[in-house]
Amino acid sequence: MPSSDDTKDFSLAGGPATPSITGSWDSGLIVIAGESYPENTFEIFDPLLTWVESFLANAGRPLQVDLQLNYLNTSSIRAIIDVFELLEAAGADGKEVLVQWLYDPRNPRAAELGEEFKEDYSFPFTILPVDPS
2 MPSSDDTKDF
12 SLAGGPATPS
22 ITGSWDSGLI
32 VIAGESYPEN
42 TFEIFDPLLT
52 WVESFLANAG
62 RPLQVDLQLN
72 YLNTSSIRAI
82 IDVFELLEAA
92 GADGKEVLVQ
102 WLYDPRNPRA
112 AELGEEFKED
122 YSFPFTILPV
132 DPS
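The working numbering puts the last residue of the sequence shown at 134; the count rises by one with no breaks.
If you're looking for bench data, these hints aren't it; they were derived computationally from the structure. Quick reminder that beta carbons are idealized off the backbone N, C-alpha and C, glycines included. Do not take every clue at face value.
[To be verified] Calculated cross-link-like contacts (lysine-lysine; reagent style DSS-like; alpha-carbon spacing at most 30 Å):
1. LYS96 <-> LYS9
2. LYS119 <-> LYS9
3. LYS119 <-> LYS96
[Stated by the list, open to error] Using C-beta positions, here's what the derived DEER-type ranges look like:
4. PRO130 <-> THR51: 29 to 39 Å
5. THR127 <-> ASP27: 20 to 30 Å
6. LYS9 <-> PRO109: 30 to 40 Å
7. GLU54 <-> SER28: 16 to 26 Å
Given the sequences, and given the hints that come with them, work out the whole structure.
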């Protein structure tokens, strides 16, 4: 579980149905990777949203979010949209944010999902294939 001190790093171990999530306060980097179809999406993503809000309000430096998600269920997509909405608002306030959507080229649906997300936001959003090995 994340520390109660929001200025610390964030880490949540992944499982078969949950992504691993790490957030580095010092480097301003969040990495979300794996599969995301948990029983309770709020349990996974609410602490992340709190951490992102705190970072954007207090860190005073850019935030980069790297996503390498092979599968997301509907509630996980909604949670990612919540993260992106925070980034969109921060970008509108002049804060520097970046999303990198990383996908396995053998999974074209993952690239398509990244493209669908990218269309809805004005912050920098790159979609990159990654070597699956």
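Do the hints match the structure? See the list:
Of the supplied pair hints, the one linking LYS96 and LYS9 holds, its CA atoms being roughly 20 Å apart against a limit of 30 Å. Between LYS119 and LYS9 the CA atoms are separated by roughly 29 Å; this keeps the pair inside 30 Å, and the hint holds. For a cut-off of 30 Å, the pair hint linking LYS119 to LYS96 stands: about 18 Å separates their Cα positions. Between PRO130 and THR51 the CB atoms are about 32 Å apart, so this pair conforms to the stated range of 29 to 39 Å.
Checking the proposed 20 to 30 Å range against THR127 and ASP27 shows it holds: the Cβ atoms sit about 23 Å from each other. Checked against the hint of 30 to 40 Å, the pair LYS9 and PRO109 passes, with Cβ atoms roughly 38 Å apart. In this structure the hint that GLU54 and SER28 lie 16 to 26 Å apart at CB holds, the actual value being about 18 Å.
The structure shown violates none of the earlier numbered hints.
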